[in-house]
Every structure is written in C-alpha cells, then in structure tokens.
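Q: Below are the chains, spelled out letter by letter.
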Amino acid sequence: MIRLLVLVLIFFTKSFNITAQKVFYSADNLEVSIDDISRIITIGGSITETTFALGLGKNVVATDVSSNYPEEIFKLPKVSYIRSLTAEGILSLNPTLVLASDDAKPKIVIDQLRDAGLNFILIKEGLEPSDIISKIIDLGFILDRNIQADSIVQAINKKLNEARIIVDELVKKPKVLFVLSQQTPNSFLVAGSSTEASSIIEFAGGINAFDNFSGYKPVTSESLIEANPDFILFMSSRGESLSHSLTETSMINTITAVKKNQIISMDGNFLLGFGPRFGEAVQTLLNHLHPDVYEH
Amino acid sequence: MFMSIKATEAIVLPGVFSNKRKYLYIIFLSLITALIILTLFSIGIGAVFIPVDDVIKIIMHQFLSTAIQEELIQSEVILIAIRLPRVLMCLLIGATLAVCGAVLQGLFRNPLADPQLIGVSSGAALGVAISIILGPSLNKLLPEMEISSILPFMAFFGGFAATTIVYRISSKHGKTSVSTMLLSGIAINALCGSIIGYLIFLADDNQIRDLTFWTLGSLNGSSWKSLYAIFPFLIFTIVVLPFFSSKLNVILLGEEEAKYLGVDVDKLKKYMIFLASLGVGACVAVSGIIGFIGLVVPHLVRLIIGPDLRILIPASIILGATLLLCSDLIARTVVAPTELPIGIVTSLLGAPFFIWLLIKNRSLQNYL
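So the sequence lines, in the order shown, correspond to chains A and B. At position 30 of the first sequence (counting the first as 1) the number is 30 in our numbering, and the numbers step up by one without a gap. At position 368 of the second sequence (counting the first as 1) the number is 368 in our numbering, and the numbers step up by one without a gap.
Read the hints as simulated data drawn from the structure, not as lab findings.
Simulated pairs of lysine-lysine, DSBU-like, Cα-Cα distance not exceeding 35 Å: (1) 107/A / 140/B; (2) 57/B / 78/A; (3) 175/A / 217/A; (4) 105/A / 57/B; (5) 225/B / 124/A; (6) 105/A / 225/B; (7) 247/B / 259/B; (8) 22/A / 225/B; (9) 140/B / 105/A; (10) 140/B / 217/A; (11) 124/A / 140/B.
Derived coverage of chain B by chain A (criterion: at least 3 residues anywhere in the stretch with Cβ under 8 Å from a Cβ of chain A; other residues may be distant): (12) 78-84; (13) 201-214.
The beta-carbon is built from N, C-alpha and C at its ideal position, and this holds for glycine as well.
So that you can see chain A by itself, here it is in the shape it has in the complex:
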C-alpha cells in the first residue's frame, strides 16, 4: 500500500514538473525555468528577428536599440543598448521573460534583474551556421514553437546546401571587399577575418579581400589597390555617398571591382543579421557574385 502511494506520489510530482515548468540552461550555465511568455523583451538583433519569425512578435513588449528588423518593432519602446543594459528600464515594462544575446552586458545589471525575480535568458550566438541553427532551435523550445523553429531551420539548411553545391563546383572564387564605412576620402573601414561579413562572403563562394587582420579596420586606398578586389560589398544604409565615392575616387578606379562596376549594396540587417534569413542572405550574395553559375 505504502509502495503504491509512493509510486503515485512520484508519478504526480514528475508529471507536475513537466507540465508546470520547463527548464532551460542560459548561456551562462544558469538553470532558468520558463513559465510565462506573455510579455517578452528581446535584446540583440537576431534574437528579436527570430522571435518574430517564430510568430511570437505579438508578445514582444520592447527590444534593445540594436534591433531593427522587422518593421513592427519601431513601434515598441527601446530598452538601452545591448552592452549597457539598465535594470530599472527593463523592469518598468513588466516583462515576464527577457531573451538576450550572450553579448548582453553588464553582468551586474543581469544579476540585479535576476534578483528581482525576472527570467533572464542568455542565448549563445556565433558565426557558424550551427550556431544560428541552435539559436533558432533554443528559441523555439523556450517559446513553445518547436515546429516553427524546425521548419525555419530546414529552410536555412536547404538554402545553405544548395549554395554549398554551387560553391563546391566553383573553379575560381572572386575576391570580395566589404566596406563598413568611409572615414576620410582616402581611408575605408573594411572587414578582416572573423567578422560576420567575411563569414558570409565565404559561404557565398567568395574570398574576403583582407584576411591578414581580424575585425573591422581602417585601410588606405593604396592597400585597396594592392588587394584589388573583384567585388565591393557595402550596406545600403550607408547610402549613395559611399558608392559614389567608391566609383568616383580617381585613386581607386584601377580596381577590378570599380572597372567592371561590380559594386553590391545590400541591406545590413539582411546581410549580417545571422538570424532566420541567413540562408536567403547567402543565396542572394551568391547570386550577385556568380550570376552566370546561378542561372544553370
């Protein structure tokens, strides 16, 4: 009899655990139990984008300043910059859950928010497709949208595989220069290795023009001529002035990219977002870099 009672008890406690709360390990190894996802604050561009792509945009009450896709979020309040979060600002919006990129700082504010009883989850981000996929799967699990997450991941994988087949057969890969901004008429801030830009250029069957330094660094037009890229890529938010100065600057018009007018402008969030649209972004860039191959 007692044994039966214990069994029943164990059964009940176990099933209670499963239905009442779901446990997720935040990127800083903290166990967070998720119960209420009715009011979400998302911190980090791709976290915001993924949450909306999973169909939970209506539950998002605020985002950080660096989030700028999709359009709907411009109606929402902004809670500080991802690397200088403020505790009171976040609490004033009464969120039940905060989903943040693991770039979020400072740690002390995150601790204060957790002390105030808030569910604050850090989600790992990275430059590999596997990082993007695990991020989407994790968010799907947290937000109870596993099926939607799976279908987004499948779409990304499909697009990436298509791209990979094309890239593997390429005989020659073009050199691509990513210009973040122009600092002076003679100096450009460009992407080196281990940047989002160099990562997506490689997936799209290109070679990053500068791989001898990491991060975004200023280079002179002299080194641009030396590197002689086949394509120049920049974000369309930088506008006409950049493309104008790239093509009109007499110093660099000996570069192949300028001579052949192979200058690509793409939306920054789309290109460097590393979220649900990653597969599409790779394909679009591939299409720009290899228009002939892509047609077949």
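Using the hints, position chain B against chain A.
A: For chain B alone, kept in the frame of chain A given last:
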C-alpha cells in the same frame, strides 16, 4: 595664469565675508536643503514608479522588519538593490570629485586644474582600455579571471600610477614644481592617449563601444558591493581634505610666502595629490570618467561665496553631491526605459549655467 589669484585679494576676501556671516548661513542652509530634498526625490523616482506610501512600507520592512505585501517584493528589490546604492554612490562620487577639484585648483593656483590635469583620468582610461581590449587574450592565460571584475582595479591602479609618475617627474630633492607638474600632466595625458589610440586600433567594434561608453561615465550597475568597495577611499578623502583648507589658503598667497609663514609646502603638495588621486581614482574605477563636476563646482561656489577654501571646500562637497545626483536623475529618467551616459548630462547641464555665471560676473574674473 598661475599667479592670477593675487596675494592681497586672498587676504582681504575672508575679511569681507566675515561681515557676511548671515549670507553664508543662508547659502549653506539652502544648499543642504536642496541636497536633502533631491535625495528623497531621487529615491522615489525612476523608470519604475513607486508611490510614496510603498516607499515608506519598504523602508519600514527593511529596517524594522514589519510585514509587507507579496506584490511589493519587486518594488523592494528595485528600491533597495538598485536605486538606493546608486543614489548613495552619486552623493559620494559627486562630493569627492568636487572636493578634489577645489583642492587641486587651490594647490595649483590655476582655474583650469581638475583631476584630469594630474593624469588620474587618462591613467584610469588606459587601465580600462587594457582590460577591455587585451582582457580577452589575457583570459586565455588565466581562464578563471573575469574582465568585468578586474576592470575597476585596472582603472584605480592606472589612475594612481599616472599621478605618481607626474609627481615623480616634477619633484626633485623633495621639492615639487607646480608648473613642471602641469606640463608633465599634459605629457602623461598625451602618452596615455596615444597608447589608448593604439589599443583602439587593435580593438573590435564592440570593445570600442564599451570603451566609449566607459569614458562617458555611468552609474548604471551600482551595487552595494561596489559601494562598500569604494566607500573607505571616498569618505576618507571627503573627511580629511577639508582639514587642510587653512594651509591651502596660505598657499594662495604664493609658495614662497607660504613657506615664510611656516607651511611645509612640499609635504602639503604630496598629501593633497595623494588624497586627490586616491579619491578620484576610486570614483573613476566604479563610474567611468565623469567630467565637469571637479572643474566647475569649485568655480560655481567661488563665484557665489569667494575663494576662502575654508568655506569653499565644504560648500563644494555639498554642491558636487547635489549636482551629480541631479544629473543622474535626469540621465536615468529623461529617455526611460533606456538611459543616457551621465557625462553627457553633467556637461550639458553645467556648461551653459557656467557660461551664464561667467558672463554675469565678468568683473569678478580676477578671483578665478
């Protein structure tokens, strides 16, 4: 410029103001009242609104362990763990920056003297740049170390080391030359600036943004732990510096004159610079660089009540605390739910007011 505070004026003025004792009482009384009201105001106001009766209930709960409703728990965390340490931090840092500024301006007899002049800020900034930008590579050697926890120490030691170097350069056989100190301060600032520039060249975008935010100053993330850590340094500076005010008054006459009057000028300089770099170094370590307070608060006070350091120093302490508290209140409410860096607010608030005072008191320029 160095000698602009003339001996005769420094002697005459305290006499003039002793006739205005009443005026001084009124000034001090209003300064203290303003500070107290603003403090209470600051505790109650923020991005989250907490009604006054809830504030009282929470404080009763904290100190008298009275019962409290379940729904007030979150307000309690906001008030006790987030807002209160921040308000106290503001008071202490504002007071310390202002008192150090007042003492340095007196010591150097230079209206431009502020903590930055003796290299504290740029040395601290260099320490922070090293920990933000080289921290990740150091982390590979010492995986246990966390950048956010070494940053305050690097700032403190950076500031202290820079000041020590400035002091060493300008001292020979126990004598310190004020003008050499000002110049070596400029040189050390330039040197730190160029090393920071090189580190910025190595840094990635996020690190540059972190560093930029740090140089604009912020009291976001103040906690009881950080308050306890800097409390001894700040309170020591605030309490001890005013005791030197009469000796500093004599220095306003000129160094030679002060020596004849029996003041050990070189020893005094040593103590003052040590205390100022200790206090400012501790402030910078937790709040980043907060400009303007140290430079302008003593000027504001001087324009109102004259250059007698016995009055100027305590008044600067109160006004510095008030001004920083006021700036922080604006910084954390005006763009809520986000927040402005406090350095922007202190300059935006203070600079126009200062310009107005300068124009209004153009005839008083000689006292600066």
